[in-house]
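Keeping the supplied structure of chain A fixed, place chain B upon it in accordance with the hints.
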Amino acid sequence: MIILTRIDDRLVHAQVVVGWGRELRPGRLVVADDRVASSEWERDLYASAAPPEIRVSILSVSEAYERISAGEFDQERTILLVRGPAEIIRLLDLGLEIGEVNVGGMHFSDGKVKLLDNVYLDDDGRKALGELARRGITLEARALPRQEKVILNPMVS
Amino acid sequence: MNENDAIGIIVTHGNLAHELLSTVETIVGKVDFCYAISNADLNDDALIASIRKIIDEHAESYAILFVDYFGGSCSMSCSRAVKGYEKAVVISGINLPILLDFVTKRGTMKPEEIVRHLIRRGQESVRVIDP
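Chain order of the listed sequences is A and B. Quick note on this note's numbering: the first sequence kicks off at 280 and runs consecutively. Quick note on this note's numbering: the second sequence kicks off at 58 and runs consecutively.
Here chain A stands alone, though its shape is the one from the complex:
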């Protein structure tokens, strides 16, 4: 079952594997990302970032939707990882039901403005988060599990 849906443009990295991993004890990470899924080299790279006790599935967005909705990960504690809000919108459009999304990392690059420590937005990012809020998704910003949840919905609507 999906125990966490997280937006993090670094996808699989120490903060997720160690920071969240120790708290939530997932058996599996599902990365839903077309770019990474389409390159064997990239898939290997991300797969090597997780310890052996956490299985990693690197899938395109549509394949992730198909396999999640077919119940393939129902018996495992699974963290669903996407690069950005656009991928969540695509999953919703495909028919996935999502209630709350953890906004863990949208890091700085040129042109982005700081909303919170780990959340930098440009126009597209703000619009996409706003769209998620409009669709009733609760957006909570936390880099790590024990930090306080900052609800982003009013900030991006």
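Don't read these hints as lab results, they were simulated from the structure. The reader is advised that the hints may include incorrect statements.
[To be verified] Restraint ranges, calculated between C-beta atoms of paired labels, are given here:
#1 A:392 <-> B:110: 22 to 28 Å
#2 B:61 <-> A:354: 53 to 59 Å
#3 A:354 <-> B:115: 50 to 56 Å
#4 A:332 <-> B:82: 38 to 44 Å
#5 A:417 <-> B:90: 46 to 52 Å
#6 A:349 <-> B:167: 51 to 57 Å
#7 A:320 <-> B:169: 19 to 25 Å
#8 B:181 <-> A:346: 42 to 48 Å
#9 B:90 <-> A:330: 32 to 38 Å
#10 B:89 <-> A:428: 42 to 48 Å
#11 A:373 <-> B:87: 52 to 58 Å
#12 A:425 <-> B:169: 41 to 47 Å
Please read all numbers here as calculations on a predicted model, not as lab measurements. A virtual CB, placed ideally from N, CA and C, is assigned to each residue, including glycine.
Just chain B now, with coordinates in the frame of chain A:
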């Protein structure tokens, strides 16, 4: 310029890279062939661009990337950054002895040799100290 010259690029989370370099400099003085990059304020693409900019500015040198942690986002960005570059290598698990050794031995060995040496040095540096 020595044909064995290499540049060091330290890439870590937080301030570790800068602190490692500045600590080395308190021991041996200013080092002009090492660069410190933190991922704190950069997304992956920007980090990769910073690394490549330094490598390209020193195209005639071998580039040794020292990264904090294998499998972390810094490590993955480094792997991406050097993909396709023949004269670059990434070493994970940077510690002070490794960096000190690089700084003091640089130029005295061929790049492949110094990489092997630094890895050995790093591993030997982790030991119980007998009182």
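Structure-based check of each hint:
{"no.": "1", "hint": "A:392 <-> B:110: 22 to 28 Å", "result": "holds (24 Å)"}
{"no.": "2", "hint": "B:61 <-> A:354: 53 to 59 Å", "result": "holds (56 Å)"}
{"no.": "3", "hint": "A:354 <-> B:115: 50 to 56 Å", "result": "holds (52 Å)"}
{"no.": "4", "hint": "A:332 <-> B:82: 38 to 44 Å", "result": "holds (40 Å)"}
{"no.": "5", "hint": "A:417 <-> B:90: 46 to 52 Å", "result": "holds (50 Å)"}
{"no.": "6", "hint": "A:349 <-> B:167: 51 to 57 Å", "result": "holds (54 Å)"}
{"no.": "7", "hint": "A:320 <-> B:169: 19 to 25 Å", "result": "holds (23 Å)"}
{"no.": "8", "hint": "B:181 <-> A:346: 42 to 48 Å", "result": "holds (46 Å)"}
{"no.": "9", "hint": "B:90 <-> A:330: 32 to 38 Å", "result": "holds (35 Å)"}
{"no.": "10", "hint": "B:89 <-> A:428: 42 to 48 Å", "result": "holds (46 Å)"}
{"no.": "11", "hint": "A:373 <-> B:87: 52 to 58 Å", "result": "holds (56 Å)"}
{"no.": "12", "hint": "A:425 <-> B:169: 41 to 47 Å", "result": "holds (45 Å)"}
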